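Let the sequences and hints guide you as you build the complete structure.
From first to last, the protein sequence lines stand for chains A and B.
So the first sequence is numbered by numbering that gives the first Met the number 0: it starts at 0 and just counts up by one.
So the second sequence is numbered by numbering that gives the first Met the number 0: it starts at 0 and just counts up by one.
Treat the hints as calculated values from the structure; they're not laboratory data.
In this text the structure is predicted, and so the values were computed from the model without any measurement.
Even glycine gets a Cβ: it sits at the ideal position worked out from N, Cα and C.
Take every hint as true, because none was put in to throw you off.
Interface residues of chain B toward chain A, partial, derived using beta-carbon atoms under 10 Å:
no., residue
1, Ala247
2, Met329
3, Pro583
Here are the simulated distance ranges between beta carbons:
no., chain 1, residue 1, chain 2, residue 2, range
4, B, Met232, A, Trp29, 46 to 54 Å
5, B, Leu159, A, Leu36, 28 to 36 Å
6, A, Thr54, B, Leu366, 26 to 34 Å
7, A, Trp24, B, Ser540, 39 to 47 Å
8, B, Ala21, A, Arg18, 56 to 64 Å
9, B, Gln597, A, Lys28, 30 to 38 Å
10, A, Ile80, B, Ala21, 27 to 35 Å
11, B, Ser534, A, Lys21, 44 to 52 Å
12, B, Leu557, A, Trp24, 22 to 30 Å
13, B, Leu557, A, Val77, 31 to 39 Å
14, B, Gln361, A, Ala33, 50 to 58 Å
15, A, Val77, B, Leu366, 42 to 50 Å
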Amino acid sequence: MVIVSGTLTRPGGKMIDWRERKPYWRHTKWQMAATLLPFIVATVLLPLYADALNTLRILGMPLGFFLVCHGLLVIAVVVTIAWVNRQDAIDHWHGANEDV
Amino acid sequence: MMRSVNPRLGLLLGVYGAALVAAMVIILLLEQIGATEAVVKSVAFCLPLTLFAAVGLASSTRDSLDFHAAGRRTPPFFAGIATAVTALGGFGIIILSGCLFIMGSDALPLLLGIPAGLVIMAVVLVPFIRKVGAHTIPGFLGQRLDSGLVRVVSGAVLSLPLLLILVAEIHVAGRIGAALTGLPTVLGSALCLATSVLVVMLGGMRALTWSSSAKALAVFLAVVVPATVVSLMLANLPFPQMTAGNIARNVLRAEEFRNTPLLAVGPLAFSVPIDGWVTLTKRFLQSHGYIGTLASSLTTLIVMAGIAGSPVLLARAGTTPSVHSARSAMSWAVLFSAFILLTLIAIAVFLRGLVVDQVVGQAADRLPAWFLNLQQAGIMQIEGRTGEVRLGSIRVQRDLVFPALPLAAGLPYAVSALMLAGALAAALAAIGAHIQALGTILARDVVLGPEREAHDEGARVFIGRVAMGIVALIAFGISLLPADPLLLVLWGLAITASAVFPVLVLAVLWKRLSAWGAISGIVTGLTVTAILILSERMGVSNLAGVLPAAIGMPAALLAAISVSLVTRAVGRHTLEFVRDMRVPGGETMFDREARILQLQHPERHPIQGPAQ
Numbered sequence: 000m001v002i003v004s005g006t007l008t009r010p011g012g013k014m015i016d017w018r019e020r021k022p023y024w025r026h027t028k029w030q031m032a033a034t035l036l037p038f039i040v041a042t043v044l045l046p047l048y049a050d051a052l053n054t055l056r057i058l059g060m061p062l063g064f065f066l067v068c069h070g071l072l073v074i075a076v077v078v079t080i081a082w083v084n085r086q087d088a089i090d091h092w093h094g095a096n097e098d099v
Numbered sequence: 000m001m002r003s004v005n006p007r008l009g010l011l012l013g014v015y016g017a018a019l020v021a022a023m024v025i026i027l028l029l030e031q032i033g034a035t036e037a038v039v040k041s042v043a044f045c046l047p048l049t050l051f052a053a054v055g056l057a058s059s060t061r062d063s064l065d066f067h068a069a070g071r072r073t074p075p076f077f078a079g080i081a082t083a084v085t086a087l088g089g090f091g092i093i094i095l096s097g098c099l100f101i102m103g104s105d106a107l108p109l110l111l112g113i114p115a116g117l118v119i120m121a122v123v124l125v126p127f128i129r130k131v132g133a134h135t136i137p138g139f140l141g142q143r144l145d146s147g148l149v150r151v152v153s154g155a156v157l158s159l160p161l162l163l164i165l166v167a168e169i170h171v172a173g174r175i176g177a178a179l180t181g182l183p184t185v186l187g188s189a190l191c192l193a194t195s196v197l198v199v200m201l202g203g204m205r206a207l208t209w210s211s212s213a214k215a216l217a218v219f220l221a222v223v224v225p226a227t228v229v230s231l232m233l234a235n236l237p238f239p240q241m242t243a244g245n246i247a248r249n250v251l252r253a254e255e256f257r258n259t260p261l262l263a264v265g266p267l268a269f270s271v272p273i274d275g276w277v278t279l280t281k282r283f284l285q286s287h288g289y290i291g292t293l294a295s296s297l298t299t300l301i302v303m304a305g306i307a308g309s310p311v312l313l314a315r316a317g318t319t320p321s322v323h324s325a326r327s328a329m330s331w332a333v334l335f336s337a338f339i340l341l342t343l344i345a346i347a348v349f350l351r352g353l354v355v356d357q358v359v360g361q362a363a364d365r366l367p368a369w370f371l372n373l374q375q376a377g378i379m380q381i382e383g384r385t386g387e388v389r390l391g392s393i394r395v396q397r398d399l400v401f402p403a404l405p406l407a408a409g410l411p412y413a414v415s416a417l418m419l420a421g422a423l424a425a426a427l428a429a430i431g432a433h434i435q436a437l438g439t440i441l442a443r444d445v446v447l448g449p450e451r452e453a454h455d456e457g458a459r460v461f462i463g464r465v466a467m468g469i470v471a472l473i474a475f476g477i478s479l480l481p482a483d484p485l486l487l488v489l490w491g492l493a494i495t496a497s498a499v500f501p502v503l504v505l506a507v508l509w510k511r512l513s514a515w516g517a518i519s520g521i522v523t524g525l526t527v528t529a530i531l532i533l534s535e536r537m538g539v540s541n542l543a544g545v546l547p548a549a550i551g552m553p554a555a556l557l558a559a560i561s562v563s564l565v566t567r568a569v570g571r572h573t574l575e576f577v578r579d580m581r582v583p584g585g586e587t588m589f590d591r592e593a594r595i596l597q598l599q600h601p602e603r604h605p606i607q608g609p610a611q
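Set out below in structure tokens:
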């Protein structure tokens, strides 16, 4: 265990500066909320309007069906990939990235 | 303690992929050279089973970290697809596609809950559970709340939903085995269970991870290849996920044209197709004919929470090398499961399209040849022998819809056998994962729990193996009782959503959660949900399926928060633990504690392994 100016180096790799832990968690928390709230709202609300939207048509398929099946599944994939990317940026910003 | 990824992984993957494709081609060829249907189907049952067992046995291990966490070196892609195939399981492939065909858009809440749950799990739980790196979820809770009691109590409570889902998967595997080989269901499930338990007993998490990724590739081929071929035949485009939409619109218009009656149910109604013959009553794209408006939103949320809190899936976070790769593994899992589910929707739509187009409206004595084949195979039948066939006179076996599409589209029956083999792979992955999780919980949290980790490595692996064997025997005994696997999975999800998920989320997000708060949350969630499920079975309440969790989940949350507020504030050790858990980097916390214990008790670890 080597202590270098507030940074704890451990066998598993370098650690975040301890003063950065609080801002890091605040940043992460907001990222969590911004990722999940719109996603959950869309997942719960969209299926309720599927019947009404099915009278319209997109790419030859009923709009409600398209939005609920393709729309929500694509949203899930995009949301996760975007979150991995943003959380990675947060890690780098606060020096919490792992050099693995 | 960094261990490097196997440098020959690409080569091994190539060899396995080639073997898998060769097995599929052999099965297709067997039919063409004139082997009987029984022979083709038995080969389709045995060949993949042998292949997966070989992958599993090749990665058997005696090393404790390999046995419990796959050495923490699984690349994100493989960890992700293994997680996704475990989340789907035989339930997701066989039963969900049956539900989709029968219930149409009403099955979507059940289906969408799976990838949505993986998203919630990825964002809220996985990075922190990976940082802690405990081998089981009760172990995580015990370490987070610094309490052996939490560990034992949550271990006992968590075992219940795991056991329910395990038994359901054994039922599914038995049915697939019976459909493929004609053997009795018990024999099929015993064979599948024996292979899975052998693999996980010898290789633990390591064998499980590698054989599950192998199975995920088999599932991918078995679902996507037939759907693509059928899409090409029906719509001249090799993208089933897109062409299904067009066919869904044809179904919508045909059902409107024939004035198929609309079903109306109350907002809290919840019903699913029963096990066995089900009559087609609902228009395909009409929403809320089986599940009411409020109930469908609640179902999505509960399935989401049930998947997100699943101890089996969460324990896999520990197999990746770092927090960052645990996150990207989850994005692979979401991508894989979303793709498979979209293709399953396409399979259900294609079959429904064929039925609505070529069977409904025909004279009952002039049905297409493929429908007669399905009738003979015991998959579909019609009531009444004369007159015009209506949608409401067609009856179907829920669990046999999935392999029916190639038969309906006029493809060789070997394709249908291959689809069943893929579904069997998914069921085997789920069986293996649940046995591993239950066995590890029994060994690490119940038997070794109070003494922490102070046993030598060989003993830990040995106790784990014995526990897995015991768990498999118990599950096999329970699976001899008749039950509907769909209901078992729904109850398992409801109990996970109410007993485990709220406490896990609080453990990550709320520093002040105390040990007694966690215990009361877990126990309240289980009790409320179990009572509501039992009272629904006795006809007292009408909250069916997963809906009991709609009360159990808030009750657990409330109990955990209020008891935490009245108990003493948590200690400095726990606060420091939470702060450490929330940031990535540094040593995995579970491994660090084990290392410190090892330094404190050198006499308990007579054999020191070489430094890695």
